[in-house]
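Protein chains in written order, with the working numbering: chain F, 1 to 271; chain E, 1001 to 1373.
Errors might be hidden in some of the hints.
[Unchecked claim] Chain E stretches covered by chain F per the calculated footprint, using a threshold of three residues with CB under 8 Å from any CB of chain F: (1) 1020-1032; (2) 1054-1060; (3) 1090-1097; (4) 1336-1342.
Everything labelled a hint here was simulated from the structure, so no lab data went into it.
Small disclaimer: the values here were computed from a predicted structure and weren't measured.
The beta carbon of each residue, even a glycine, is placed where N, CA and C say it ideally should be.
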Amino acid sequence: MSAGDAGRPVISVRGLRTQFGATVIHDGLDLDIFAGEVVGIVGGSGTGKSVLLRTIIGLNRPRAGTIAVFGQQLDELAAAERQMVERRWGVLFQDGALFSSLTVAQNVMLPMREHLDLSEGLMDELAAMKISMVGLQPDACNKYPSELSGGMRKRAGLARALALDPDIVFLDEPTAGLDPIGAAAFDNLILELQRNLGLTVFMVTHDLDSLNAICDRIAVLAEKRVIVTGDMAQMLEHSHPWIRDYFHGPRARARAAELEPKQPDPKQEDS
Amino acid sequence: MATLEWSEQADRVEVRATGDWVIARLAPLEAQLRRLLDVGGGDLHFDLGDLGRLDTAGAWLIHRTLKALEKSGRQVRLQNATEDQAALIARVAANDKPHPAEPEGGNAFLHVVAEIGETVLDAWRETRDLLGFFGLTVATLGRAVRQPARVRLTSLVYHLEQVGLNAVPIVALISFLIGIVLAYQGATQLRQFGAEIFTVELVAISVLREIGILLTAIIVAGRSGSAFTAQIGSMKLHEEVDAMRALALDPMEMLVLPRILALIIALPMLGFISAMMGLAGGAVMCWVSLDISPGLYIERLYEGVTLSHFLVGIVKAPFFALMIGLIGCFEGLKVESSAESVGRLTTKSVVESVFMVIVVDAFFSIYFAVLGL
Ligand SMILES: Nc1ncnc2c1ncn2[C@@H]1O[C@H](COP(=O)(O)OP(=O)(O)OP(=O)(O)O)[C@@H](O)[C@H]1O
Ligand SMILES: [Mg+2]
Chain F
1 MSAGDAGRPV ISVRGLRTQF GATVIHDGLD LDIFAGEVVG IVGGSGTGKS
51 VLLRTIIGLN RPRAGTIAVF GQQLDELAAA ERQMVERRWG VLFQDGALFS
101 SLTVAQNVML PMREHLDLSE GLMDELAAMK ISMVGLQPDA CNKYPSELSG
151 GMRKRAGLAR ALALDPDIVF LDEPTAGLDP IGAAAFDNLI LELQRNLGLT
201 VFMVTHDLDS LNAICDRIAV LAEKRVIVTG DMAQMLEHSH PWIRDYFHGP
251 RARARAAELE PKQPDPKQED S
Chain E
1001 MATLEWSEQA DRVEVRATGD WVIARLAPLE AQLRRLLDVG GGDLHFDLGD
1051 LGRLDTAGAW LIHRTLKALE KSGRQVRLQN ATEDQAALIA RVAANDKPHP
1101 AEPEGGNAFL HVVAEIGETV LDAWRETRDL LGFFGLTVAT LGRAVRQPAR
1151 VRLTSLVYHL EQVGLNAVPI VALISFLIGI VLAYQGATQL RQFGAEIFTV
1201 ELVAISVLRE IGILLTAIIV AGRSGSAFTA QIGSMKLHEE VDAMRALALD
1251 PMEMLVLPRI LALIIALPML GFISAMMGLA GGAVMCWVSL DISPGLYIER
1301 LYEGVTLSHF LVGIVKAPFF ALMIGLIGCF EGLKVESSAE SVGRLTTKSV
1351 VESVFMVIVV DAFFSIYFAV LGL
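Just chain F, with the same shape it has in the complex (with noise of 0.2 Å):
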């Protein structure tokens, strides 16, 4: 992500509404991610959040409103073009979504083998290395996606969406069955290439840690649109119902109890 980019959004959703048949899932929808920010998206299951994500990689087609990436209204796009900023992202879906047919390395090879010109000892490397950095062992590689558990699979799901070095990843509850440490790894992961590499990060998830300690804002999905957007401690102020019972409820609590007497807000601490 270049300097100039700064300060513009890098995904522009405006008036989306998406149906299925008579179904209305989202109804003038507007949400701004900019660059190099970690975008938590909370909401109740079955609120839409996986089909705002499907909908702006251009997997649903929209009813009404524009989707505007790196600048870009993909619907207008030319095919060539349109694969130009498809390889600008990486997508980890909610159930991992590999290939079944090809080892973990493979799938994780597969993206720069069909768009990069790069030698088989150089792929494999890399593969291996992304393989390593999303915490799985190196047996992994080998293995095929029915071999691995449900935890290894999201793993290797990253892995494959980092396989091209993207600018955005869109993220489906990457930490959903996880085990806590893996999860707070995984977070850290996050953090760290967001920090190096001035990823931007678009990420659905119900883990109040990792809206804590990654996310740089947070965006409610309810009443089929945004209703507000803003980080950890607008959240914990807001006085709409829904918000108030998911971030002060008892699991909230807990977590609140136990961060209170060391250190109030982490987030304030890292920035």
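Based on these hints, arrange chain E with the ligands on the given structure of chain F.
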């Protein structure tokens, strides 16, 4: 553009990286970096001062080069790296864990022999498993006969529509055309002996005894056998079959029985339609090219063809149906965890069931010949 320049000084080599070292631009760098390994001796200073963007792939390339240089016993220093760049290179270096190589193939001759052995063993295991599956199906059927409530009626009706009703147009059309072809060929050959009139018997007997039902079975194997394998296979892929077992539901009862029963009911009916359409096709051709009017055609049918011809054909239908259904469901349940195996097993199911249908048909022919039917 990502580039690399170096200059050899008296006691060291100065290397400067410029441009954006990002994955899309790395291809030319790789070769250059390899040449760098052979340049000069002594220390090496790797200067990142003019570097634009750096991503993990670029960082890896730097790390890899430095590692190779150090391994050849040279002092390497990284200069003017920003904090982020240094952090990135450090992270990449921490993840330098080459994955274990795939095990070697070994002796090629042994490999071929082993492959042949595997294939033979596989064929044997497959036959055994299929027989086991047949037994299981019969047992499930037996239970269903004693407790008819166990038959999933909705599912049965649905599959009857899919494999029976929806197959009628294609079966009818193909049979009609085959009737025409048979009549035409028969007429041309028999005309040489002045025996055109026997074309009617030729068409009727071959359609009723063999071709009608065989053709139907082959169409159904291609249409429904493959569908069974693909449906059950993708359910298996998404752990739906496991979920059924975990809910104490019997996949044999829920998935296999309705499909096989539907086939056993539908195939004789389709066979009947096929026979009638074949005869109709023959009638049309006889009328057009031999001037045998439909009335005369039917008269000759009454004279030359007995009910036993039709029964000999139609009695085979349930057996063909059983074969197609068994193999379709069996291969579907064998799907393991990859989308590719669904495709492979679907192909296999069609090939196997067509083969088995023909084998069973051959046995019936011998049997009827012995019985003198
Ligand atoms: N292909 C589809 N056809 C019809 N409806 C769909 C389709 N995909 C999603 N939906 C509906 O859209 C709504 C939003 O689904 P979505 O998967 O985005 O939920 P979510 O917010 O990601 O929930 P979760 O947190 O459980 O993952 C749901 O009500 C779902 O029923
Ligand atoms: Mg979802």
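Examine the region 1090-1097 of chain E: at least three residues should have C-beta closer than 8 Å to a C-beta of chain F. With 5 residues closer than 8 Å to chain F, the region 1090-1097 of chain E meets the three-residue bar; holds.
Check whether three or more residues of the region 1054-1060 of chain E sit with their beta carbon closer than 8 Å to a beta carbon of chain F. With 4 residues in contact (Cβ-Cβ under 8 Å with chain F), the coverage given for the region 1054-1060 of chain E holds.
Tell me whether the statement that chain F covers the region 1336-1342 of chain E is true, taking a Cβ distance below 8 Å and needing three residues at minimum. holds (count 5)
Establish whether the coverage given for the region 1020-1032 of chain E by chain F is satisfied; the threshold is a Cβ-Cβ distance below 8 Å, and no fewer than three residues must meet it. holds (count 6)
The earlier numbered hints are all upheld by this structure, with none contradicted.
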